[in-house]
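Undergrad: Sequence:
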Amino acid sequence: SAVPYLGNELVKWLWGGFSVDNATLTRFFTLHFLLPFIIAALVMIHLLFLHQTGSSNPLGLQSNFDKIPFHPYFSIKDLLGVSMTLMFFIMLNLWEPRILGDPENFIP
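Note that the numbering used here has the sequence shown beginning at 44, numbered continuously upward.
One thing to keep in mind: the hints can contain errors.
[Said to hold, decoys possible] Quick list of the computed label-pair ranges, beta carbon to beta carbon:
(1) N136 to G50: 46 to 56 Å
(2) R70 to G50: 14 to 24 Å
(3) M127 to H75: 30 to 40 Å
(4) F113 to H75: 25 to 35 Å
(5) V46 to P151: 26 to 36 Å
(6) F61 to L137: 51 to 61 Å
Since the hints were derived computationally from the structure, they do not count as laboratory data.
For clarity, every value in this text was computed on a predicted model and none was experimentally measured.
In this text, a Cβ means the ideal position worked out from N, Cα and C, and glycines have one as well.
Produce the entire structure from the sequences given, and follow the hints as far as they go.
TA: Written out as structure tokens, the structure reads:
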């Protein structure tokens, strides 16, 4: 390891022993599984705080006179964009089902 003084101990702690073993794979699989949920939770907390305080509002003053509400205006716009994208991929899959497939699937 390239970390001075703590490198060997850090590697043993991450690996769960002296070599990559079942404990290492279990540990990294758990991290790989939980990390997207942790990131999603942090994004939701960030959006909650951003919604409460407002964007670019360092003084904390109320400036609600020129704002329009997010729902229903922007949520309907976002829903329309998501549905159009989903419809595009559904139509692509119905008309050309093999276009997004892996070429190795067609090797006999």
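Undergrad: If you check each hint against the structure, which ones fail?
TA: Hint check: 5 fails alone, others pass.
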